[in-house]
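Novice: Dock chain U against the given chain G, drawing on the hints supplied.
There are 2 protein chains.
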Amino acid sequence: SEMDLHNQGRAKFLEFPFVSVPHRALMVNLLSTVENRLGLQLLPCTLPLDVQHCQNESGTAQASLHIRSGQQSSTVDFILGSWLHCKLPTGAALNITSLSAYLNLSTDAPNFVIELIQSSPTSLVLILDLPPRKDLVLYPDYLQTFYEDSQLETRRQMLQKLPEVQPYVTSSLYLRSLLSPTAIMIRVETEEGGAGPMEEIVKNHVEPVAVEVLGLWLDHCACGGREAREEEKAYLKKRDELVKKKTIEIDLGSNFPRLFGPELTDKVMGAIRDVYNV
Amino acid sequence: SEMDLHNQGRAKFLEFPFVSVPHRALMVNLLSTVENRLGLQLLPCTLPLDVQHCQNESGTAQASLHIRSGQQSSTVDFILGSWLHCKLPTGAALNITSLSAYLNLSTDAPNFVIELIQSSPTSLVLILDLPPRKDLVLYPDYLQTFYEDSQLETRRQMLQKLPEVQPYVTSSLYLRSLLSPTAIMIRVETEEGGAGPMEEIVKNHVEPVAVEVLGLWLDHCACGGREAREEEKAYLKKRDELVKKKTIEIDLGSNFPRLFGPELTDKVMGAIRDVYNV
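Residue numbers (our numbering), protein chains in the order written: chain G, 702 to 979; chain U, 702 to 979.
Since the hints were derived computationally from the structure, they do not count as laboratory data.
A couple of the hints might just be wrong.
Since the list gives no way to pick one copy over another, a pair counts as held whenever it fits inside one copy or between any two copies.
As the list claims (entries may be wrong) - Only pairs whose alpha carbons sit at most 30 Å apart, straight line, appear in this in silico DSSO-like list of lysine-lysine:
id	residue 1	residue 2
1	934	946
2	947	788
3	947	934
4	945	934
5	788	968
6	946	713
7	788	946
Only chain G is shown next, with the shape it has when bound in the complex (with noise of 0.2 Å):
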């Protein structure tokens, strides 16, 4: 049934195998706090079973894809977690895991996002934002409410001065653009003493900080009340539309097809595109 296949995939995506204890409980505690919030207003994952779970025919690349639209009553598009996990030719892992939570167009409140990055026992990229859905430039008061009020630059400054800390660059100029001028995009390196420390600072940084913007995004973007005004849905419609194209490029389009072939590939992007209305 409908409900056996969200509930399968839902069980194989919260397993997080690859991961560490901690990255794996804050994954868990962030989806759960989504869910707990939205609880009905979130619809099944409905992806068949085989885009809910790919493995490549080596056994070396695995990934796990858990989308949940909202109801249409819901200020909620959809939301999306995923996690990749493939062996590098260096014999490390490479382990992405993220949550990312789309709005529809009843508000122009901010997106959410957070991606964690780990090539390594010892290397981690974080990026966490609330993307904005108009410009910034041209909208200064949606500037000042969720960006400078909500102090989310006071979270970035937090975790910019841990000494394990550097600011991370991403080399797509697309992403850099959709960011917030708050995006948190740092690179944390632990250098001795195995993966402990950099397992304590994904528990005693990161996943408090993670907790805390995801608590304002709830608060303030998907339950906050905030309506789009009629003039301006067909601007907000083109921007998300193009935010969500451009996203499936960014996230599928290197190295999805490398790792799992263009069939599959071409599978999991059409049911994208599907949910994504796109």
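Specialist: Below, chain U without anything else, positioned relative to chain G:
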């Protein structure tokens, strides 16, 4: 006469009396390059002399402002050069020099901006960019043309690689939003050896990159032959006007009144608003 007013203010502006020889050489080089290329497209600077050059009563602060509007037939709205000098309570001096160039509605190509903020002989902040005039998320072709194809990123990375260079994050979220994803925003710190090492970096690294970026702007933006589409001019006009208003607030809103008093600030702001037409 009008030409005397222009020549007198320009000579004073080009003195840059408080910065190092290579810093002055860089600024003079940039202004001459713009003037030589645009020639008679630029009208003389007709600001009152006491706006072209300001000084406070105690003599601890001085500023120079040089604005030339573009001819009707030019793509240039105006160019603006400025310097500010003030003594800090610590005994050190703050010196800011800048050159901006804004295009008008005949084209949608990016503007140009360079700002050097020197708070001691061994500490320099550099902002160098072609700020976009359209929302890059909504106009990915514009991002491709002016930021990906132009290889601005390689210049940013070159400077970022110097051991004396750290990323600089401005406290203004509006300014962060305004700049492009390839904006050069760096802090150069030279710990040892007095002013010499900083002067070397300005001469050997900052000046060549600034000259290249200005060259790109002249070739591809000011003289690139790219016309704005008629149906986009209302959008461009609104965005340009907002940018100009906000930029005046950011540049003159905080320090200027404190240094020069409310009366002179009002006079300078009024003169700039006249030229900016906002």
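Novice: Next step is simple, just say for each hint if it's right about the structure.
Specialist: We went through each hint and held it up to the structure:
1. 934 <-> 946: So residue 934 and residue 946 pass the 30 Å test inside a copy (18 Å) and across (26 Å) alike.
2. 947 <-> 788: within (26 Å within a copy, 49 Å between copies)
3. 947 <-> 934: Both: 20 Å inside a chain and 26 Å across chains, each within 30 Å.
4. 945 <-> 934: both (16 Å within a copy, 27 Å between copies)
5. 788 <-> 968: Within one copy only: 23 Å inside, 65 Å across.
6. 946 <-> 713: Within one copy, since 26 Å is at most 30 Å while 53 Å is not.
7. 788 <-> 946: within (28 Å within a copy, 52 Å between copies)
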